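J.: If you read the sequences in order, they're chains A and B.
Using our numbering, count along the first sequence one by one with no gaps and you end on 315.
Using our numbering, count along the second sequence one by one with no gaps and you end on 820.
These are calculated hints, taken from the structure and not from any lab test.
Mixed in with the good hints, there may be bad ones.
Unchecked claim - Derived Cβ-Cβ restraints for the label pairs, each shown as a range:
| no. | chain 1 | residue 1 | chain 2 | residue 2 | range |
| --- | --- | --- | --- | --- | --- |
| 1 | A | 245 | B | 702 | 54 to 60 Å |
| 2 | A | 31 | B | 574 | 54 to 60 Å |
| 3 | A | 31 | B | 737 | 25 to 31 Å |
| 4 | B | 574 | A | 141 | 27 to 33 Å |
A quick note: this is a predicted structure, and the numbers were derived from the prediction, not measured.
Virtual Cβ for every residue (Gly too), placed ideally from N, Cα, C.
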Amino acid sequence: MAIYVLRKLAFFVGAVFVASLAIFLLIRAAGGNVAAIVLGKDATAEAINALAHTYGLDKPLPVQYFDWLFGMLQGQLGQSFRTKEFVADLVTDRLSISIPLALSGLILGLIIAIPVGTYAARNVGKPSGAVLALLSQIGIAVPVFWAGILLSVLFGVRLGWLPTGGWIDWSESPIGAIRSLVLPVLSLGLIMGSVLIRYVRSAVLDVMNQDYVRTARAVGMTRTQALLSVGLRNAALPIVTIVGLQIAELIGGTVIIEMVFSLPGLSRMILANVAAREVIVVQSTVMLIIIFVIFVNFVVDLLYGILDPRIRNAA
Amino acid sequence: MKSVNKLTRQIGAIAAAVMLVAASGGAMAASPRAAENKVVLIARQDPGTLDYVTSGLTALRLWIPANVVEPLVYFNKDGSVEPGVAESWTISDDKLTYEFKIRKATFSDGTPVTVEDVIYSLNTMKASPVVNNSSAYNAVTAIEKVDDSTVKVTLSQPSQNFWHGMGSVAGLIQPEHAAASIATNPIGTGPYVLKAYTTNSTFEFEANPSYWGTKPAITAATVRIVTDGTAGLNALEAGEVDAVPVITIDLWEQLTKRELDKKFTLLTYPQIGEPTYAVFNQKLDPELRQALAETLDRQSFNDAFGAAWGAENTCTFALPNQPWYSPESAESCPYPYNYESAMAKASKWASTPLEYASLSDVPDLSLPADIMIPAMQGAGFNVTRNAIDLARYSQLIFQGRPPQFDITVMSGDAEPTQWACPTADKAGWSTYCSQPYTDALAAADAAPSDEAYLAKMKEAADILRKDAVIVPLIAKKGVGLFDPALKGFLEPRVLVAIEIGKLHW
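In isolation and in its complexed conformation, chain A is listed as follows:
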């Protein structure tokens, strides 16, 4: 097990280094200059160059890269060129929105997907199973922004039960913050649940046809007992993989939801700073997300080893 963990850790460090280089080069390949955006269309080249110089953007690329990388290794994520705010502060503020949004959306998705997917698998070939499969397909096809706008119009505009958007900080009112998150979480959770239903259904179907489940039935267990006692652990493996991928997509991928509901979350911050070519903010924030994603995959790999001794022993 120790060797397994060490190998994964080495991969983790290598992946982070390669990702840092990719991020650094990609944002610069997009072209554009934050100084030009700040000064506007009528700015002279001299003014832009002068401002870019104060931002350090005229240094050679390797210098810029290593300055940034070494800063990150020392825990210094840098500052916004325009406002001088520290990236660490910007990210921390937004995580208080993005993490509850993402986690709640995922949990809601799982709460929907596991029982519904399992029921659909148990009733495959029957009308109820087919209806659930169809609903799941519709859910996958519905764009998340459309679902968000519909929910906002129904529960916000027409019924007035919940805010149509905006954010009330936790420190100002925890209840207000929760209310701000209800519709976004619902939008996210419904779509995510639809996606996960398919995987749960497929995983449970696959397990139900295995010999060990048939053996469990043969010794007297009901179908549900067999599924719960011997089936679910095996069905969990692909579901854990998908959940790991979904977590990665959620953190930094909720930009549409954040825009529809005017939440000042992490995704929206990244998008705004990409548009403004705030390279340090984008690089540092995206690196944090990449590190998080690689860490999540690392945990998923470890979970595999825990769930399935065969994987652990093979490693």
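Starting from the known structure of chain A, arrange chain B on it as the hints suggest.
T.: Quick look at chain B alone, frame taken from chain A:
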């Protein structure tokens, strides 16, 4: 099974009731903020910085000038001039010397306004990298302290731009000691203090307790930054916000379809409007530019935005509040829409490749491109589209020398001096340079009277029309929706600034 059916029926009944209530709509309730004299407004864009010295972003200029930071004077719509930070002023007969008497007031941080602060502010704007700020000082030769309450500005020649600049962003007064924090916390003498600014979220304003003027009726204002236009209108309709003062053209059709113009007070005002105009690279043959201009059916652009009340067809680079403006007419359009003529001329240029640079992330501008490009291609011009985002557009088009486009469409402020070029290397982003145009503008700036100024500005506008480089399409007005009980909206006096202090319930 029976309990499942019963549960299913109960869920169905509840859902039906919800739908009925939802469909019924309801009368608009009074704003809960009226009783507290508070207001919540919507902004579509986040400026990212509040440094109005180094940034010309409209998103910033909407909220900081006139609310937090004030200019020396205010120019009213009727042409009168009102004191700002300067409580009085004298202008020499030759218009070469201005003396401003600075009022006894304090900045919102409690420090007194000094002549040194005023001199610092004017010098800072004189050196501003934003041309709209610094160009007001082109004729200024000296900014001096006369005594502890008087500043003297000396000009090398009369300048209308300087005088009007003192009522605009170029004349904003800040304390020198707080200049370092201007990007996040600008300080001024205005009726409001910026209590907090969270990027992509909100501005929070509170009434300035040390404001020198009439205390504003609105004691606190929140400006919510809602980039999705539909979400902003939803918030207004739900009663969560009290006004959307700036509604961009991509949402105009929704205003009428959702009958928001009937539920709320719809205001149109030109100051925040923008001309939308095609730009043909000056390097193109003049005949080619004229032929391309003939493919532009202005009414089709207007129709595409679906709100004729908010935009007017025009061939003049100006807005309706500018006296040299003319709507589309035979007299004011040297190259009116004439598709047959354009097709006949296009055959001469069929082998000339033309690149159309299109801003992909600005709906106001990608929509005109969707109309313009097929029209030009249909007429026989060899036009290809290059869709890019603002940052890339800024690099290639605004900063590119030469600019990397043959045709593009832009929308922005109607400041005619942006096309002036004292020398070719000082030409703006389109590199349009016309000596007669520049001379006409210079003569207007130095005009001794308003009548002479207007005559020269009309002459300049006519030169711009005939050159067919900057080709206006429509003049969009500023459009806003306000809670019917929220009154007092004043058309912007300091460039595009929305004056929260004039609002009241």
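J.: Lying within 54 to 60 Å: is that true of the beta-carbon distance residue 31 of chain A to residue 574 of chain B?
T.: violated (43 Å)
J.: If you check the beta carbons of residue 245 of chain A and residue 702 of chain B, does the distance land in 54 to 60 Å?
T.: violated (31 Å)
J.: Between residue 574 of chain B and residue 141 of chain A, does the C-beta distance stay in 27 to 33 Å?
T.: Given range 27 to 33 Å: holds, Cβ gap about 31 Å.
J.: Do residue 31 of chain A and residue 737 of chain B keep their Cβ atoms within the hinted range of 25 to 31 Å?
T.: Given range 25 to 31 Å: holds, Cβ gap about 30 Å.
In terms of the numbered hints stated before, the structure departs from hints 1 and 2, listed from lowest to highest.
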